Amino acid sequence: MEELTIKKARQILGTDAKQVSDEELKQDIEIAILFKDLFFNNYIKNRKRASTDRPNVP
Amino acid sequence: MEKNVIIYTRVSDPSQIDNNSLGTQEQTCRKFAESKGWRVVRIFREEGVSAKFVHTRPQLRELITFATKKQNNISFVLVYKFDRFSRNLEDGLIAISLLAKYKVSVISTTETTDESPMGTAMRNIMMTLGQLDNELKGERVKDNMQAVFKKGLWPFKCPIGYKRQFKTKEENKGLPVVKDPSMAPIITQMFKNASTGIYNKTQLAKMMNLDNFGDHYITKADHKIVHNILSKTFYYGRMYAKKWDEYAVGVHEPLIDEQTWQKAYHLLVLKKKNYRFHDTDLYPLKGALKCESCGHPMTTSPSKGMNELFYYYECKNKDCSCNGVRINVDKAHEQFAKILSQIKPKQRVIKLFEHMVFSEWDQIIEETKRGIKQIESQIAKQKEELKSIRKATDSGIYTVEQAKEEALKVNKEIDLLSIEKSDIKIEKYDAIITKEFIEKFLNNLDLLWDVLDLPKRQALLNKVFMGTILCSENKQIRTDQLSPSFELIEALGAEKGENVPSPRIELGFKV
Chain A
1 MEELTIKKAR QILGTDAKQV SDEELKQDIE IAILFKDLFF NNYIKNRKRA
51 STDRPNVP
Chain B
59 MEKNVIIYTR VSDPSQIDNN SLGTQEQTCR KFAESKGWRV VRIFREEGVS
109 AKFVHTRPQL RELITFATKK QNNISFVLVY KFDRFSRNLE DGLIAISLLA
159 KYKVSVISTT ETTDESPMGT AMRNIMMTLG QLDNELKGER VKDNMQAVFK
209 KGLWPFKCPI GYKRQFKTKE ENKGLPVVKD PSMAPIITQM FKNASTGIYN
259 KTQLAKMMNL DNFGDHYITK ADHKIVHNIL SKTFYYGRMY AKKWDEYAVG
309 VHEPLIDEQT WQKAYHLLVL KKKNYRFHDT DLYPLKGALK CESCGHPMTT
359 SPSKGMNELF YYYECKNKDC SCNGVRINVD KAHEQFAKIL SQIKPKQRVI
409 KLFEHMVFSE WDQIIEETKR GIKQIESQIA KQKEELKSIR KATDSGIYTV
459 EQAKEEALKV NKEIDLLSIE KSDIKIEKYD AIITKEFIEK FLNNLDLLWD
509 VLDLPKRQAL LNKVFMGTIL CSENKQIRTD QLSPSFELIE ALGAEKGENV
559 PSPRIELGFK V
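Sequences listed follow chains A and B, in order.
Take the first sequence: its position 13, counting from 1, is numbered 13 in my numbering, and each next residue is one higher.
Take the second sequence: its position 46, counting from 1, is numbered 104 in my numbering, and each next residue is one higher.
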């Protein structure tokens, strides 16, 4: 996936990004990436596993 | 004068040896020789060998030696198709030019080529196409194997102690490897013995042989086999693919737990004699939790009492005024969970998160569509193959029986591809699932924390609290390092009309 730049993040957030510094936005992006990874790697994967009844792995 | 010729036939898959592919190749070449009035003096059959390299094909090497001997007086080497001779242009040309020096030409019996410049160019193109086909197939196989690996299935040879559930590839498709009832107990016992630290690898191998390891494996156990088994994380459920340097969580049943594996691995592979297993999972705050008085990271230690172990975070700085404050891990984690339950990411983080999820989802959908198109083109190619079999039958190259056999193979391939295609599902992104995740976990970080493994917990800790949690002298966990991307949940509670206690003073937030 193409990297989300601060400029792009400002476009996405619109007025929500007003008075938010670049540094803060950078942190927002990093956290959003972490959550996105957790969403795909843990949440979606686990949902699939539950539905297909795969064995549990410690 | 009657010319002497030799025939070269080859199949790359051992499973093709017993069907009549080699026979068909030979018959076609024989018919061709008969029609020209040539005498077949010898046949070279290469069984189960790829045409990628010349040096890996003993029969081809023997053929070259035979054909280049003057007394054999060979004029032609007959092949069914050029891709039987070589699927590597460079290697193929070297072999052809070597034969040409001795006035031996390679002739494809089903492809029209001659010794003219145009014929030579056509031959080279056919070999290039063979090479291209090989390389594309190789890429496809690699991609498929990687996809299977990421799904938690083991695409390589079964590790000792495991076996495939069924005999054929088709039947095993999508299924994890299972424990081999005769070998698995021996491997499990070996790990248990290894984790005691009493035995070396040779002694472990001897014990395995006493358990009849050699009866179920190609050789008896030795220190090398033991070393290899001990090095594989596969046995506790984590798979590692060396060729891609990738890890994945396997869906197979582990033979041992991670703790036993770690202990055995450290003692015998890394040879750390004083290794004591330290379960880092028990201390997720390790590194981030600091003593409020001196700022030093708190160490972790188990303490024995009442026949069980108790785990603590502890300040071991001798110069610290806290006099070695010590907090039980359960109590520390309980307080930490309270802090997590009182914060949530700001709305702008949620907005960016949603954008990223939907973009990635779009990409996944596009990739899936591409995969489907690729399979469809393979199916079309197979259908073309069916047509060419029909043509070959009409022109007498195939007998009806042979054509049926060949068509059956192609139809089977088409069926497999169709199954593969139907297995791929385009999962449209679902705003409800995303919302569910946000409400369930992002607005309840304590719940998210509960379901994460150690590395992800540490990543979250670093992002939310800049990696710093403090423990006061009176054993209170607090933090003053909240990331500006998060906010207190108070306002949300107030909106909902719920009675949320203020954590600010008690837990020491400075937002």
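Worth flagging that the hints you see were computed from the coordinates, not collected in a lab.
Heads up, some of the hints might be wrong.
[Said to hold, decoys possible] With the Cβ distance kept under 10 Å, some of the chain A side facing chain B (calculated, not the full set): (1) L4; (2) D16; (3) E30.
Owing to the predicted nature of the structure, the values given are computational and were not obtained by experimental measurement.
A virtual CB, placed ideally from N, CA and C, is assigned to each residue, including glycine.
### Task
Double-check D16(A) for me: the hint is only fine if its C-beta lies closer than 10 Å to a C-beta in chain B.
Since chain B brings a Cβ to about 5 Å from D16(A), closer than 10 Å, the hint holds.
### Query
Holds or violated: E30(A) as interface residue toward chain B, Cβ cutoff 10 Å?
holds, 6 Å
### Query
Holds or violated: is there a CB of chain B closer than 10 Å to the CB of L4(A)?
holds, 7 Å
Of the hints listed earlier, there is not a single one the structure fails to meet.
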